[in-house]
Amino acid sequence: MNSPTQSPADSRLLRDLNSFLPAIRAKLDASSSWSGDRVIDRAADHAYERLACRDSLIASDTRVRYLVALHRFAAPGLRTAMHDHRYPIAVLPMACTGGDDALLYRMPWECRADGQVLQAGVLDVRAGIPYAIGAPDRIFHAVHSVAPHLSLVIADASSAPRREARLPSTALQEPAATALRQAATEALDRLLRVRARGLRNSMREDGVHACRRLER
Amino acid sequence: MMLAVMQVLIGLGLVLIVVLNKQIHALRAASQVMQTEAMARLDRLEREIAEMRVVLGLPPRATAHHWERDNRSDGPFD
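Here the protein sequences come in this chain order: A and B. With this note's numbering applied, the first sequence has no gaps in its numbers, which climb one by one up to 216 at the end. With this note's numbering applied, the second sequence has no gaps in its numbers, which climb one by one up to 78 at the end.
Derived by calculation from the structure, the hints in this document are not laboratory data. This list has only true hints and no planted wrong ones.
Not everything, but these chain B residues come out facing chain A in the computed CB check (under 8 Å): (1) ALA64; (2) GLU68; (3) PHE77.
Partial list, computed: chain B residues near chain A (C-beta under 8 Å): (4) THR36; (5) ASP70; (6) ASP78.
Label pairs and their computed distance ranges (CB to CB): (7) B:ARG69 with A:ALA147: 27 to 37 Å; (8) A:PRO76 with B:ARG44: 29 to 39 Å; (9) A:ALA44 with B:ARG69: 27 to 37 Å.
A virtual CB, placed ideally from N, CA and C, is assigned to each residue, including glycine.
Produce the entire structure from the sequences given, and follow the hints as far as they go.
Here is the structure:
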């Protein structure tokens with residue numbers, strides 16, 4: 001793919017992110033499995049908080065090894081530079097407060113090859129609608145924040161990273177690490193509740209349609 | 001007379017080949033669309049089942065994954 005995708009039909013990363021959400025939610029209850037950091041991006045003159053899982057998530061069918069983390073971008077007005085990632089990633093954006101579908105950030109992206117920009121665009125990233133960047137060697141992106149948000153990220157670490165880490169970090173001290181884990185848990189719970197409500201409503205509508213068909 | 005009949009038959013045969021070829025291409029395209037739609041529907045159903053397990057308080061599917069201790073701390077996501 002030469003662009004970020006929001007279609008699970010086109011992305012194994014997105015399919016795996018969706019199917020592993022309950023497992024990641026359950027894992028958040030195990031406090032000892034997570035470590036908190038403050039990551040500093042000097043180029044963008046900002047910092048964000050990262051809650052990284054100490055364990056990798058292994059998909060049984062494909063044996064793909066996923067690293068799992070939650071990032072909190074609490075500061076308003078964040079505008080990162082265009083950057084790449086070390087691994088193929090899938091991202092589930094979540095609102096710090098408020099409901100599903102809220103616009104959280106605008107994401108300019110470019111597909112580059114041999115120093116040339118082949119394609120470019122801007123994706124409106126909304127709460128609860130995940131996207132994947134399956135080709136981190138070609139896809140570069142930036143984040144122009146609209147609202148404070150959290151990102152649940154899984155990274156396919158089956159292969160070696162394509163470059164060294166570039167952002168320094170310092171360990172989060174307590175009680176900040178626990179507060180971050182609680183905020184991430186609440187955001188994911190809220191998102192799953194909203195989705196479940198939508199699912200129940202659509203099932204109810206399906207039932208009503210089925211009854212009407214039977215009455216005819 | 002024979003020659004005229006032969007020419008008509010060959011002409012009809014060519015028309016038949018062109019029509020059948022178009023039909024095959026149309027069927028191929030339709031089956032591709034159906035396959036894509038079926039994949040998307042399957043993805044939706046799998047996601048909804050996983051979310052319903054959370055709503056119902058059921059554990060995630062046991063065979064789908066496992067966790068392995070890793071302890072990487074080199075900023076894998078930057």
